[in-house]
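These protein sequences, in sequence, are chains A, B and C.
Be aware that the first sequence starts at 1, since it is given in the working numbering, and climbs by one per residue.
Be aware that the second sequence starts at 276, since it is given in the working numbering, and climbs by one per residue.
Be aware that the third sequence starts at 622, since it is given in the working numbering, and climbs by one per residue.
The hints are simulated quantities; they were obtained by calculation from the structure and are not laboratory data.
Keep in mind the model is a prediction, meaning the values are calculated, not measured.
Take the hints with a grain of salt, since some may be wrong.
[What the hints assert, rightly or not] Computed cross-link-like contacts, DSS-like style, restricted to lysine-lysine with a CA-CA straight-line distance of at most 27 Å:
no. : chain 1 : residue 1 : chain 2 : residue 2
1   : C       : 741       : A       : 38
2   : B       : 328       : B       : 557
3   : B       : 477       : A       : 118
4   : A       : 142       : B       : 434
5   : A       : 38        : B       : 603
6   : B       : 471       : B       : 456
7   : B       : 417       : B       : 304
8   : C       : 741       : B       : 349
9   : A       : 38        : B       : 349
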Amino acid sequence: MMKRLTPWILVGPASLLVLAFLILPVGATLVETFADPKGWLAPYAAFFNSGFRRTVLYRTIEVSLITTILSVILGFIAAYVVAQMPARWKSIMIIAAVFPLLTGVVVRSFAWLILLGKNGILNNLLLSLGAISEPLTMLYTKGAVIAAMVYLFVPLMILTLAGVLEGIPKDVTEAASSLGAPPFAVFRQVILPLAMPGLIVGAVLVFTGSFTSYATPQLLGGESQMMMGTFLYQRAMVTFDWTGASTVAAIMVVVTITIVVLMTRLARRMNPMAA
Amino acid sequence: MTKTPRLRVSAVAIAVAMAAAASSAAQAKTLTISWWGFNGDKLNANIVEPFKKICGCEIVFETGNNADRLNKLKLRDGKGVDVIYLSDSFSQAGIAGGMFQKVDAAKLPNLADVYDLAKDPQGGYGPAYTIGRVGIVYDSAKVNPPITAWKDLWRADLKSAVTLPGITTTAGPMVVLQAGKQAGADAFADADKAFKSVEALKVNVAKNYNTGSEMVNLISTGEAKVAVAQDFTLASMKAAVPTMTWASLSDGDIATLNTVNIPKGSENVELAHQFINFILSKDVQQINAEQGVDAPVSTKVQLTPDQAKVWTYGPDMIAKLNRLDYVKLNDAKTDWIDRWNEIFSR
Amino acid sequence: MRTTLHPALLMIASLIFAILIAPLFIILGASVSDTSYLTFPPQGFTLQWYSNIFEITAFRTTAITSLQIAFFGTFLALLIGIPAAYALNRFRVRLPSFLSNVFVLPILVPEIVLGFSLMKSITIGLDLPVYTTLLMGHTLLVLPYAVRVVGASLASFDFSVEEAAISLGCPPLKAFLTVVLPNISAGVIAAFILAFITSVNDVSISLFLTGPGVSTLPIQILAHMEQFFDPTIASVSVLLMLLTVGVMAIVEATLGLTFLTK
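Here chain A stands alone, though its shape is the one from the complex:
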């Protein structure tokens, strides 16, 4: 029957694209990692036997989670304010939020050097105010990597949420307020549940994005803050070790999927009202 098939016809083209251009090709690449003559899990054992590689994996998880949490909070606040603005301001603020995404990673990290470097604007300001006597080391730390990634992912969060918050009818929140609900209760019981689908999508996009990034951690963290993306890049492009690189990729995919699923579950549990 036609009606029963409708959902499948609608998701069909997109699913086929993902199947033919992702699941099959990438699947073929990942399957090869199990063909090691030393045993089918040998490349994985080699990865987890190295303390250094485990550290890189834990660091990547940690940095990505912190980046996600901060981006969600800051992005939500910014998007909420954007949604309350008059139409003209709304467009301007959305454009402003998009701009950081358009800067190349090298030129963006140059800007961070100017702002946060040894001789940067912030250090010079603090020195001249007498707040510090020695320039602070702000770059090449875990904090610097997180800050730079949050900078990059807050815009994504704002854009994702702007569309969702826009869809929340004003009369719903107004009705709640006029019935005497305090602002926080309106937020907790009305806005948050309605925004939850957007928050989940945004968080998933931010987490996967930061988990696989390699240019930003490399430029702002240096080798001391190496993440999985950089490690994979070295394997693949420098030593031509595609089995090693695919092993790293498989681990990354499994970890990301696990965390994304857990994140989604957690968010839904916190909010039974949301889908």
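Starting from the known structure of chain A, arrange chains B and C on it as the hints suggest.
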């Protein structure tokens, strides 16, 4: 690509080829060159257009950095490209991977005028068409006394002042070799000792760089005042910090060569030889050197002192350069990357 | 009456936007500096780094390729992504729940490995033309934004409105275009912007999917930066911002038109 039947070259076929230049697969007389893709307009005027007139062929390009292009060539099993430009550590990796064919020196008469160093750097494979060097650059206004040897990198007064090339860059492994020498060991034979010495260098490192632009940014913003660098970056550093100086090292700079090779799947081997011979000719080498494109390897090229200033140029300078054993280096690379990562990520 | 904003909220938001904007001034300054390296504050003034993009042949041709790929790739992704997002929300009970996460895969798999796999099985395995694979690769890359960001907007849409329209005799496609689409336009615009930007900036996928005769602007800029350290990269960023303002003006104008015909 060999599945497609080849067209017999005729005037008609060339016309067809030109009409369909976008796909290089079917035409016999299209030379596909894989190179970096910078300086495109100068190279177009100095090499591409003149060579097109000589060969009566079309030329198509694949662009990207060493690693990208070599990886793609490997995936295509050495096919799809007729000539590939690479820096020597990558061309050695290509040779080890069985991706190139040996060149026929008899078809490259211009080799006669090329410095010995560049003639046959990798055992019967492609020659080098340009030469550079890796050395130490420092800010002479802030670093006193001047740097005169590789061991000066370990000096106590250079704490957090140095930027080293990352292990995955062209110059990175050279630091390991010098670290070995500093510790009195051959890094290939005794990696433990060499990396102990790298570890001792860590306190002096502000941040290691992975691209030339990153390094120039570190120098221009004052994050670092000493760099282990390739010669072509000097001009930009000097523009930003006029007191940046190329150190005159008693134990010598290290040579870097850019080579041209013919992949084993090339469908235009004759044309590829003709092209390689052409870029080694005195005229091409002369004009590229004058315009600041590539340092010459042809002994016939004459440059004014001002033109030569930016280059690794002349028999005296070239004789002093150290060469690296890339066969050994590529074998050690994976291990070295791990060791380097462990030191600098701690 | 608009909901009044708490002053603290307004202050935090202003601070967030201030921090988002601050580095852009540095980039703008560096892009007009008359020096062969990036510097701030700028020394002298030149538009040379802007004219570079138009004068250097490789930049010009690859910029056109990049814009074409980004535009068509985004368009295709929305064309197949919006119906998928719609079905995932409208027929939630009839589709397996893992399906929505399948559409996150393109950004979940590390891009280098995705590019490598695509080159191996599509470009080489199927012997498809370079341009086609590049376009399909980019469509795939931006599909998550089309499906998930539009989907997030649809999640709060009340489908009973659409059903009412259909039960009153409105054909389903018309009901979608006139009832559903206008209500999720903010989500579609957001998806369009994110997808377009992701495509235009992409390096890792393009790395493997470009080939002889076909290259993209980010790849060409990386090539340029191997040898030159000048502010061209800063001017590219500024040009992309200007382009975005232009594209968004067009998007708003065309959407404004659909509102009029409604």
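Take a quick look at whether residue 328(B) and residue 557(B) sit within 27 Å of each other, Cα to Cα.
-> holds (18 Å)
27 Å Cα cutoff - pair residue 477(B), residue 118(A) = Holds, at roughly 18 Å.
27 Å Cα cutoff - pair residue 38(A), residue 349(B) | holds (24 Å)
Verify the proposed pairing of residue 417(B) with residue 304(B), using a straight-line Cα cut of 27 Å.
-> violated (57 Å)
CA of residue 142(A) to CA of residue 434(B), is that 27 Å or under?
-> holds (21 Å)
Between residue 741(C) and residue 38(A), does the CA-CA distance stay at or below 27 Å?
-> holds (25 Å)
Could you grab the alpha-carbon distance between residue 471(B) and residue 456(B) and see if it respects the 27 Å cut-off?
-> With Cα atoms ~12 Å apart, residue 471(B) and residue 456(B) stay inside 27 Å; holds.
Between residue 741(C) and residue 349(B), does the CA-CA distance stay at or below 27 Å?
-> At roughly 10 Å apart (the allowed maximum being 27 Å), residue 349(B) and residue 741(C) satisfy the hint.
Given the hint that residue 38(A) pairs with residue 603(B), does the C-alpha gap stay at or below 27 Å?
-> holds (25 Å)
Checked against the numbered hints given earlier, this structure breaks only hint 7.
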